[in-house]
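Undergrad: Going down the list, the protein sequences come from chains V and B.
Residue 1 is where the first sequence starts when you use this note's numbering, and the numbers rise one by one after that.
Residue 1 is where the second sequence starts when you use this note's numbering, and the numbers rise one by one after that.
Please note: incorrect hints may appear among the correct ones.
Said to hold, decoys possible - Result set (DSS-like, lysine-lysine): computed pairs, CA atoms no more than 25 Å apart in a straight line:
| no. | chain 1 | residue 1 | chain 2 | residue 2 |
| --- | --- | --- | --- | --- |
| 1 | V | 172 | V | 127 |
| 2 | V | 135 | V | 54 |
| 3 | V | 86 | V | 163 |
| 4 | B | 109 | B | 86 |
| 5 | V | 135 | B | 163 |
| 6 | B | 135 | V | 163 |
If you're looking for bench data, these hints aren't it; they were derived computationally from the structure.
Protein chains: 2
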Amino acid sequence: MADSSMGGALGGATRSSGETLLFLTDDQLRRGIEAMFFAYRGFTADPDRILAEKSYGRAHHRAIHFIHRTPGTTVNNLLDILGVTKQSLNRVLRTLIEDGLVQSKIGVKDRRERHLNLTEEGQELEKILSEAQRKRMRAAYREAGPEAVAGFQQVLQQIMDPKMRTHFDQLKEGS
Amino acid sequence: MADSSMGGALGGATRSSGETLLFLTDDQLRRGIEAMFFAYRGFTADPDRILAEKSYGRAHHRAIHFIHRTPGTTVNNLLDILGVTKQSLNRVLRTLIEDGLVQSKIGVKDRRERHLNLTEEGQELEKILSEAQRKRMRAAYREAGPEAVAGFQQVLQQIMDPKMRTHFDQLKEGS
DNA sequence: TTGGAAAGTCAACAAGGCTGACATAAACTG
DNA sequence: CAGTTTATGTCAGCCTTGTTGACTTTCCAA
Numbered sequence: 001m002a003d004s005s006m007g008g009a010l011g012g013a014t015r016s017s018g019e020t021l022l023f024l025t026d027d028q029l030r031r032g033i034e035a036m037f038f039a040y041r042g043f044t045a046d047p048d049r050i051l052a053e054k055s056y057g058r059a060h061h062r063a064i065h066f067i068h069r070t071p072g073t074t075v076n077n078l079l080d081i082l083g084v085t086k087q088s089l090n091r092v093l094r095t096l097i098e099d100g101l102v103q104s105k106i107g108v109k110d111r112r113e114r115h116l117n118l119t120e121e122g123q124e125l126e127k128i129l130s131e132a133q134r135k136r137m138r139a140a141y142r143e144a145g146p147e148a149v150a151g152f153q154q155v156l157q158q159i160m161d162p163k164m165r166t167h168f169d170q171l172k173e174g175s
Numbered sequence: 001m002a003d004s005s006m007g008g009a010l011g012g013a014t015r016s017s018g019e020t021l022l023f024l025t026d027d028q029l030r031r032g033i034e035a036m037f038f039a040y041r042g043f044t045a046d047p048d049r050i051l052a053e054k055s056y057g058r059a060h061h062r063a064i065h066f067i068h069r070t071p072g073t074t075v076n077n078l079l080d081i082l083g084v085t086k087q088s089l090n091r092v093l094r095t096l097i098e099d100g101l102v103q104s105k106i107g108v109k110d111r112r113e114r115h116l117n118l119t120e121e122g123q124e125l126e127k128i129l130s131e132a133q134r135k136r137m138r139a140a141y142r143e144a145g146p147e148a149v150a151g152f153q154q155v156l157q158q159i160m161d162p163k164m165r166t167h168f169d170q171l172k173e174g175s
């Protein structure tokens, strides 16, 4: 269409003297939007295939991922990170517990809380899923190089909602 | 967990003499994976809110976006880009046509084909949705700077499936 | 003229979101 | 101690958006 690379993109952006700011055109932004769409599909494709075999879905993967990342996490904390309702999470969690992939322990200090951990079997699946996803990311990182990866991380962090960035930053420390 | 920054990450990656390659550790890859997850949520959040008011969903947004991008596209082409079944797309397309946002015209050369275009009303909604999404991207780009944006694009392109990268590249030319 | 591609339709189903209502136990508070 | 809040779980029902399978209509092309 004729309206690309116009609009508000450059209007208020001439504050940085000297910089071209061509990376802020509507056209460049659209490229980024479409890249996010296509890349996210690739990003989830490999785990999705593995999960489909075991009749799990992306929701199970997300739960497994974050329980692995923050072992002993509570249901409430997981709810906050995943940004879904407790009913939605509970459905997923229930099947994972029934299937013996996740263990739910009553809290010691606060007996209302449930602390979640992966069982041996859960850790096995986590490893398969994360390795499949890492494989693609590793290839992408390798091709793009370290500077590109740094930029990739920077932009993604800026795209996040502030609240989600907090979660993201908190995950940084653990390991 | 104790298994981070080990495994296959560095094993076969010592070919580039001199380079540190620390950006290929499992830990860095995991950071990228989590960044993709959180960022994608932010990426879709603004359009999602607008769509919810009009009782449309993300699927409608995707259809509107790509019809806007490639006016007169056929159903089959759209199917290929979106990667869903024709039944799924058809349901979305039907409501958009019924609501007068999309126009479906029988092909001239090949009368089996339907050529899709946004109506005036469809273009209005497209503009609202894309501007909301661009606003966030623009802020992110501005904060991260041009070099980061270049890296962001590079890595995303590498994450895509080859077939999707072809679609992505073909969209580049049109404007 | 006939085979097959393109498009559309109907039915049925599943995953995974959502809301609302309600139950229980535990912790906290006045 | 009574009442309230918090954490969790569960039931029921709804929506969107994905799937498969079967079938029809249209119509291009060999």
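Undergrad: Against this structure, judge whether each hint is valid.
TA: Hint by hint, here is what the structure shows:
1. V:172 with V:127: OK: residue 172 (chain V) and residue 127 (chain V) at ~19 Å, within 25 Å.
2. V:135 with V:54: 20 Å, holds
3. V:86 with V:163: 18 Å, holds
4. B:109 with B:86: 22 Å, holds
5. V:135 with B:163: Measuring from Cα to Cα gives roughly 18 Å; hence the hint holds.
6. B:135 with V:163: The hint holds at about 18 Å.
Of the hints listed earlier, there is not a single one the structure fails to meet.
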